[in-house]
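The opening residue of the sequence shown carries number 165 in this note's numbering; numbering runs sequentially from there.
Since the hints were made in silico from the structure, they are not lab data.
The beta carbon of each residue, even a glycine, is placed where N, CA and C say it ideally should be.
Some hints here could point you the wrong way.
[Claimed, not checked] Here are the in silico distance ranges between beta carbons for each label pair: (1) Gly-546 - Glu-185: 49 to 55 Å; (2) Arg-612 - Glu-768: 35 to 41 Å; (3) Pro-689 - Glu-768: 32 to 38 Å.
[As the list claims (entries may be wrong)] Calculated pairs, SDA-like style, for lysine to any residue (alpha carbon to alpha carbon, straight line, at most 25 Å): (4) Lys-169 - Arg-304; (5) Lys-169 - Arg-287; (6) Lys-169 - Pro-292; (7) Lys-177 - Arg-270; (8) Lys-230 - Glu-765; (9) Lys-177 - Arg-189; (10) Lys-230 - Pro-900.
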Amino acid sequence: MIASKILCQIEPKGQVEPEGEGLWRSTGSDPQFRLTRPGGGRLFPFRLAGGWVRLRLDLAPLGTAKLVPLLYVDDGTGFREDAAMRLELREDGSVDDLIRLPRRVRGLRLDPLAASGRFRLSRASLEPLGFVRAAGAVARRLVARLPEAERRPAALIPHLARLGLSRPPAALWRDFWDSARPRPASASYAAWIERVERPALLAPEAMRAAIAGFALRPRISIVMPVYNTPEPYLAAALASIRAQAYPDWELCLCDDASTAPHIAPMLARLAAEEPRVRLRSRTKNGGIVAASNDALALATGDWLTLIDHDDTIPPHALYALVAALNAAPETDFLYSDEDKITVEGARYEPFFKPDWSPETLEACMYTAHLALYRMDLVGRIGGFRAECEGAQDYDFVLRYTEHARHVRHVPQVLYHWRAIPGSTAQAMDNKGYVVAAAIRALEDRARRTGGLDRVRPTAFAGSFHLRRTLRERPLVSIVIPTAGRDSTVRGRTVDLLAACLASIRTTSTYERIEIVAVDNGDLRPETRAAIERHGARSVTWERPEFNVAAKMNLGARTATGAVLIFLNDDVEIIAPDWIEAMLALLRIPGVGAVGAKLLFETGELQHVGVSVLDATPDHPRRTYPREDPGHFFSTAGNRNYLAVTGACVMVARADFEAVGGFDEGFAVNYNDVDLCLRLRERGLRSVYCAEAELYHYESRNRARTVDPAEHDRFRARWAQAIPRDPYYGEWFEALPPTFELDPARF
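All chains should be modelled from the sequences, with the hints used to inform the complete structure.
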């Protein structure tokens, strides 16, 4: 006899907090619920001999949350990542899925998403299905996946007949049941650790042998202020330092007048046992800046690193950094990747960082831990500043990098940031004063490096918009290649060029604008009237072949501005100060190209930078929600990328002409990316400007086609020169680039 539907009790088990009846907030990347029987007891008092069940979840995202629900089944061997099942979402976000359970079920776990976010989860039920009902449910799912015209009996019956003749019956039967199995789970960090990190680790003997051969054996001063740290976390932090394979370190501790009784004897005992420990105990609590400066005053090493009193580092951490120094002795500043660790010790939410990205650093404290600072430069900038208490390390690295000439990223996870309830590791919102302190640090940064216009936080705590003063307001020439066509926008037919010109003139606040439209010589009278009405000029591309790169070069030669913006005619301005925001970035020494944040008509992301993976350019997080923060604020704040799109790109005329403009060999595709990469060869960076928002009326559903000859030409030029994208981690998904671990590998 098949049991009736089971209404499950939803029990939160980690990284999730209630916000109301059926409303929840994830506080990390691994929120978990257990599905149990109301009132306790086993969920399955009967034996489900490999049975099919129907799982229903009243589940929906709130705000910008992106649900990726996974079901874990404990069959007696625990909840294993390799056995997770990805559940299919319906259009409303709910789940109504078929699951085949193993013979023995000891527990069910639901992970609704793999990031911070808010969602509704108010009801869960399981309905065991007999053989006949399960087969019927599978058949209905298969039919529902067919195009609507093929679901009618007149088309369905011949389709089934052809299918029946195509394969042996046993194979068809097997495929029938396999079609209902959930997709494999999305990539997991645990799988990355097992398949990438663990095999790459050297044995202690191998590290000792390598250290013996180092030409550079610097002493590393580890600065750690301590205040009322819970005993197990402090013990773990100290143990992780003593376990380092690299032996030439000193630990500079400052107890900031802790009141917890275990702190003083614990630190005193450590100092007595370990000659590499230097300890100062304050008699009056001074805060993290005072304690950090007191610990820094104890340092005698060649390099400085900072470790929080409740975090840990792996045994190879210092070895990996010193090995990088030996490979590049000219380095002034090194930083590694990091992750978070729960109070139970489970690792999650890895941060695979970009290589050196100056504009990214001004949007968020991305270098963070673990980092090495050359002590002679530390002496030049001084210690930590009291006015930036709470964000003192951010202020410190902002000042330090103004003097560092050679920066190196070590792409290994060398720091585990412990997420204790109430800490910034768990949520920046937990410490609002940190945001205010970070703003002060950034304001001072702007004053030191060009003049402050403003600093304001983004919608996501921990990221910021910094804008410097425009000391000059040069003439900006906007070059618009156009075919003078119409398109449907918001349900009505629109002359794209006329609408674009009106948007620029009525919305933009920058005064010194010149507009040059490059047409094909066949504009309609009403479009030409719009050009005149909006004070634009036009120049005609007279050759018969289509070549957008040549049209943009023609427009640039016709324009007179010192700054050029190349703009598609199918855009609409959203942010009135879009030119000011982009120009403030372009004026930073070392910046060569600035691109805007482009949105589809639906409000979804179209462009927030360009990644180049396997010599193939693509747009990260395309079609994600407008409010998407990105990977550690990659969408929310300004960010360095290899390239930005020519649909809206700003360059200085002098730099544009120095590289010869757009390569007209890329008539349709890749001319914008190629331009950015040639600027990069001259030492100039590309920056995505998050504050410059525009609509781009490119169809989100249009198939993206590229001439194979242009792709081959691009690969021939750049495949060896750029074997990897320095701003996009090699472990992330490539097609499309999402900043998420590649599910094909992990």
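Between Lys-177 and Arg-270, is the straight-line Cα distance small enough, at 25 Å or below?
holds (16 Å)
That 35 to 41 Å hint for Arg-612 and Glu-768 (C-beta), does it hold up?
With a Cβ separation near 38 Å, Arg-612 and Glu-768 satisfy 35 to 41 Å, so the hint holds.
Against the 25 Å threshold, does the CA-CA distance of Lys-230 and Glu-765 hold or violate the hint?
Status holds; Cα separation ~20 Å.
Looking only at beta-carbon atoms, does the pair Gly-546, Glu-185 fall within the given range of 49 to 55 Å?
holds (53 Å)
So does Pro-689 sit 32 to 38 Å from Glu-768, Cβ to Cβ?
holds (36 Å)
Is the Cα-Cα distance between Lys-169 and Arg-304 25 Å or less?
Status holds; Cα separation ~20 Å.
Please work out if Lys-169 and Arg-287 have their alpha carbons no farther apart than 25 Å.
Status holds; Cα separation ~13 Å.
Given the hint that Lys-177 pairs with Arg-189, does the C-alpha gap stay at or below 25 Å?
Distance of about 13 Å is within 25 Å: holds.
Restraint status (C-alpha distance of Lys-169 to Pro-292 at most 25 Å):
holds (7 Å)
25 Å Cα cutoff - pair Lys-230, Pro-900:
holds (17 Å)
Of the numbered hints listed earlier, not one is contradicted by the structure.
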